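Residue numbers (this note's numbering), protein chains in the order written: chain D, 1 to 327; chain Z, 1001 to 1305.
Hints are supplied without guarantee of correctness; some may be wrong.
With a straight-line cut-off of 25 Å between C-alpha atoms, the simulated SDA-like cross-links for lysine to any residue are [stated by the list, open to error]:
hint : chain 1 : residue 1 : chain 2 : residue 2
1    : D       : K238      : D       : I251
2    : Z       : K1248     : Z       : S1035
3    : Z       : K1248     : D       : Q127
4    : Z       : K1187     : D       : P323
5    : Z       : K1196     : Z       : N1216
6    : D       : K103      : Z       : A1147
7    : D       : K126      : Z       : W1137
8    : D       : K243      : D       : T263
9    : D       : K103      : D       : S276
10   : D       : K129      : Z       : S1035
11   : D       : K129      : D       : M155
12   : D       : K3        : Z       : L1028
13   : Z       : K1248     : D       : F30
14   : Z       : K1248     : D       : R36
15   : Z       : K1187     : Z       : K1248
16   : Z       : K1187     : D       : K126
17   : D       : K129      : Z       : N1216
18   : Z       : K1190     : Z       : I1214
19   : Z       : K1190     : D       : P252
20   : D       : K126      : D       : H244
21   : Z       : K1248     : D       : Q290
22   : D       : K74       : D       : G55
23   : Z       : K1248     : Z       : A1264
24   : D       : K3        : Z       : W1137
25   : D       : K3        : D       : K243
26   : Z       : K1187     : D       : A319
27   : D       : K129      : Z       : E1074
So the derived label-pair ranges between C-beta atoms look like this [said to hold, decoys possible]:
hint : chain 1 : residue 1 : chain 2 : residue 2 : range
28   : D       : N162      : Z       : V1054     : 38 to 44 Å
29   : D       : Y128      : Z       : D1191     : 50 to 56 Å
30   : D       : P323      : Z       : A1218     : 30 to 36 Å
31   : Z       : F1048     : D       : R163      : 33 to 39 Å
32   : Z       : D1191     : D       : V62       : 26 to 32 Å
33   : D       : D54       : Z       : D1068     : 31 to 37 Å
34   : Z       : A1218     : D       : N162      : 35 to 41 Å
35   : D       : T236      : Z       : G1262     : 22 to 28 Å
36   : D       : L321      : Z       : D1066     : 57 to 63 Å
37   : D       : K126      : Z       : S1162     : 46 to 52 Å
38   : Z       : F1055     : D       : Y37       : 33 to 39 Å
39   : Z       : L1115     : D       : D54       : 56 to 62 Å
Calculated directly from the structure, the hints in this document are not laboratory data. Here the structure is a predicted model, which means the values were calculated and not measured. Positions of the beta carbon are idealized from the N, C-alpha and C atoms, including for glycine.
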Amino acid sequence: MGKYVLRRFVNYFILAFIATVTAYITSSAFMDPAARYRGQNPPLSESSIKSILDGHGTNPDVPILERTWTWLTKIFLHGDFSTTVHNNPVFQEIMTRASVSLKLLLIGSILGAILGVVLGVWGAVKQYKASDQTVTYASYLIIATPTFVIGVILMIIATGFNRLIGTSLIRFSGEYTADIPPGFFPWFTDQLSHMLLPTLALVLMGAATYSRYQRSVMLDVLASDFIRTARSKGRTRKTALVKHGVRVALIPMSTYFAYAFGTLVAGSAMLEVVFSWHGMGEFTINSILQSDINAAAGSVLFIAVLTLISSTLSEVLYAALDPRVRI
Amino acid sequence: MATEIPISTTADTDVVTPRSKPTSRLTLIWRRLRSTPRFWVGGIMLGFFVLFAVFGNTINIYSPTDQDIYALNEAPNAQHWFGTNTIGQDIYAQTVAGLQKSLLIGIIAGPSASLLAAIIGSTAGYFGGRIEVVIVWFINLLLVLPAFFILVLLAPMLRQLSWMAIVVFLALFGWMIMAQVVRNQTKAIKDRDFVKAARYMGVSTPRILSRHIIPNVASILIVDATLGVVSAILTETSLSYFNLGIQKPDVSIGTLLAEGSGAAVTRPWLFVFPAGVLVLMLFAISLMADALRDAIDPTSGANRD
């Protein structure tokens, strides 16, 4: 088991490395970091722009491969991921922002997956009943809605709700309130009131897509022979479904979780921007808008590491669930 | 009935009893589709939106670029059916124009991505060996390197080109997962007798792929192409929301939503109409794709008994 997981992990590690280097090279090829300084008033001289860029290691006069090599050696020898255009170390910036994003991403994707699995199984058991139809139509409606539209709609509803009860119970701007009284309880309620809407949006997104897949996999399982065998040897309908059905239906889903995770990362990045959270999503989009090569490569590294962890986890889950896989 | 032995009652009649033809696959699929309510709900809605996109502006006196300076920021009324924005542009006219562009983007990009998936996936599965390893690595790389990131990165460059460039890129980054599915399917059928027979008869490899392999995975490809329309439109909308997709003077639903989302609470018509039209249209396409999948897939729960 350990050896297998390690081998898969190394495989994904190499992928993450190549993805990050590719991101660095493509960003260097397509971005013009000097443009940001040329428009400044008072105008900077060409040589001072060049020296600023040299400081970031993004001087376009140096060949791209040479820059990439310098960038890589700095990472591997000193653990230094270079600096952003605002002169902050990229690594430090990612560390502060990562917790913001992970909070949303982890809670949202886990709750979304659980809700999706439950709804999918339920829909399959109640196939073509009114409840199944409702869930199906609702999830297609959510899948058809762009992420930021879900965010804006939730904001509109929350505004109405706040107006109705006369106090801003649900907050949807920023990640925390600046002036809350000290102590755990005020902090906790403040977190809840800020997290509610973005998490809800992410959960809806995840649950909608997962439930569709879970439903169709579960339908296949329900029609297979071993469910009939379980029933005929005297298991009740409920335990046959849960112990034999759901367990088997989760196997193909574990692969799908890893694939769908990328969509959730992109979705949560958009939600961060909509709800003005200062997380990795905002960092990624800003890095590109500001032609910040080091920051862009850093954000791809962050996403690649997340993908690496989720892919490895999904393979472990697959191996743990599938009785045919013995590793 | 077809196997019933014909009993000749009169010796001199030469009439051949018409043998009932075996039900063709297309007839079967159509019969299943016909009895699915989802197909009809989706189909009628989609038909309405296509008509709306094509002919919507012929019954409107304003064009998307007109500015009615006597009606700035107006709520929906008899003159401006969906209201106007800050510079007096008619939201109805803009929504129709945006819908045209979004629909066009989806219809071109979605199926193109499926075509790419079919070619690359079947090539990887059929040849196996080193070619397969390289393709699978490339697919995994593209899955780790977020497509949205590359699209955003290339956006400033795409901005100078026409909107068609965005369509090309949406297709170029939308094929990976489907290619994996096609590859697995190809591996499952490439050793079947009909493929072997074709190979031993000297049929060329591209012809085997296009005549024997791809038709066998066509059903999932059709569903994928339909869903690809949805995901291409969604991606374009998100790109345009961050001002990275379609650029002025072109409008798409995404650019309209980007302008309208800030005023979603105070002047809801700027946001609600384009968003509603987009969501309902994509909803219709998804419902049709779902019905299509149920009808095509012989193993799906609906067709089992």
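We went through each hint and held it up to the structure:
1. In summary, the hint linking D/K238 to D/I251 is supported, as the alpha carbons are separated by about 19 Å, within the 25 Å threshold.
2. Between Z/K1248 and Z/S1035 the alpha-carbon distance is near 44 Å, which puts this suggested pair outside the 25 Å criterion.
3. The hinted pair formed by Z/K1248 and D/Q127 fails the criterion: a straight-line CA distance of about 47 Å is larger than 25 Å.
4. For the hint pairing Z/K1187 with D/P323, the CA-to-CA distance comes to about 24 Å; that is within 25 Å, so the pair holds.
5. This hinted pair checks out: Z/K1196 and Z/N1216 have alpha carbons roughly 15 Å apart, not beyond 25 Å.
6. About 23 Å separates the Cα atoms of D/K103 and Z/A1147, which keeps this hinted pair within 25 Å; it holds.
7. Among the hinted pairs, D/K126 with Z/W1137 is inconsistent with the structure: their alpha-carbon atoms are about 40 Å apart, more than 25 Å.
8. At roughly 30 Å between alpha-carbon atoms, D/K243 and D/T263 are farther apart than 25 Å, so this suggested pair is violated.
9. With a CA separation close to 15 Å, the supplied pair D/K103 and D/S276 stays within the 25 Å bound.
10. With a CA separation close to 16 Å, the supplied pair D/K129 and Z/S1035 stays within the 25 Å bound.
11. Straight-line distance between C-alpha atoms of D/K129 and D/M155 comes to about 33 Å, which puts the hinted pair past the 25 Å bound.
12. Straight-line distance between C-alpha atoms of D/K3 and Z/L1028 comes to about 49 Å, which puts the hinted pair past the 25 Å bound.
13. A C-alpha spacing of about 22 Å is found between Z/K1248 and D/F30, which places the hinted pair at or below 25 Å, so the restraint holds.
14. The straight-line distance between the Cα atoms of Z/K1248 and D/R36 is roughly 23 Å, inside the 25 Å bound, and the hint therefore holds.
15. With a C-alpha separation of about 46 Å, the suggested pairing of Z/K1187 with Z/K1248 is violated against the 25 Å cut-off.
16. Between Z/K1187 and D/K126 the CA atoms are separated by roughly 35 Å; this puts the pair beyond 25 Å, and the hint is violated.
17. With a CA separation close to 33 Å, the supplied pair D/K129 and Z/N1216 exceeds the 25 Å bound.
18. Among the hinted pairs, Z/K1190 with Z/I1214 is consistent with the structure: their alpha-carbon atoms are about 11 Å apart, no more than 25 Å.
19. For the given pair, Z/K1190 sits about 23 Å from D/P252 by alpha-carbon distance, which is consistent with the 25 Å threshold.
20. Distance hint between D/K126 and D/H244 is fulfilled; the C-alpha atoms sit about 17 Å from each other, no more than 25 Å.
21. Between Z/K1248 and D/Q290 the alpha-carbon distance is near 21 Å, which keeps this suggested pair within the 25 Å criterion.
22. The suggested pairing of D/K74 with D/G55 holds, with an alpha-carbon distance near 13 Å, which does not exceed 25 Å.
23. For the given pair, Z/K1248 sits about 21 Å from Z/A1264 by alpha-carbon distance, which is consistent with the 25 Å threshold.
24. Proximity of D/K3 to Z/W1137 is assessed by CA-CA distance (about 21 Å); at most 25 Å being required, the pair is judged to hold.
25. Restraint check: the Cα-Cα separation between D/K3 and D/K243 comes to about 29 Å, which exceeds 25 Å; the hinted pair is violated.
26. At most 25 Å may separate the alpha-carbon atoms for a hinted pair to count; Z/K1187 and D/A319 meet this at roughly 22 Å.
27. For the hint linking D/K129 to Z/E1074, the alpha-carbon distance of about 45 Å lies beyond 25 Å, and the restraint is violated.
28. For D/N162 and Z/V1054, the Cβ-Cβ distance of about 42 Å falls inside the hinted range of 38 to 44 Å, so the restraint holds.
29. The hint said 50 to 56 Å for the Cβ distance between D/Y128 and Z/D1191, and at roughly 38 Å that hint is violated.
30. Checked against the hint of 30 to 36 Å, the pair D/P323 and Z/A1218 passes, with Cβ atoms roughly 34 Å apart.
31. About 35 Å separates the C-beta atoms of Z/F1048 and D/R163, a value consistent with the hinted range of 33 to 39 Å.
32. The hinted range of 26 to 32 Å is not satisfied by Z/D1191 and D/V62, whose Cβ atoms lie roughly 53 Å apart.
33. Checked against the given bound of 31 to 37 Å, the beta carbons of D/D54 and Z/D1068, roughly 54 Å apart, lie outside it.
34. The supplied range of 35 to 41 Å is broken by Z/A1218 and D/N162, whose beta-carbon atoms lie about 52 Å from each other.
35. For the pair D/T236 and Z/G1262, the beta carbons lie near 55 Å from each other, so the given range of 22 to 28 Å is not met.
36. In this structure the supplied range 57 to 63 Å holds for D/L321 paired with Z/D1066, their Cβ-Cβ distance being about 60 Å.
37. Separated by about 49 Å at the C-beta atoms, D/K126 and Z/S1162 satisfy the suggested range of 46 to 52 Å.
38. Take Z/F1055 and D/Y37: their Cβ atoms lie about 51 Å apart, and the range 33 to 39 Å is violated.
39. For the hinted restraint 56 to 62 Å between Z/L1115 and D/D54, the CB-CB distance of approximately 46 Å leaves it violated.
When held up to the earlier numbered hints, the structure conflicts with 2, 3, 7, 8, 11, 12, 15, 16, 17, 25, 27, 29, 32, 33, 34, 35, 38 and 39 and fits the remainder.
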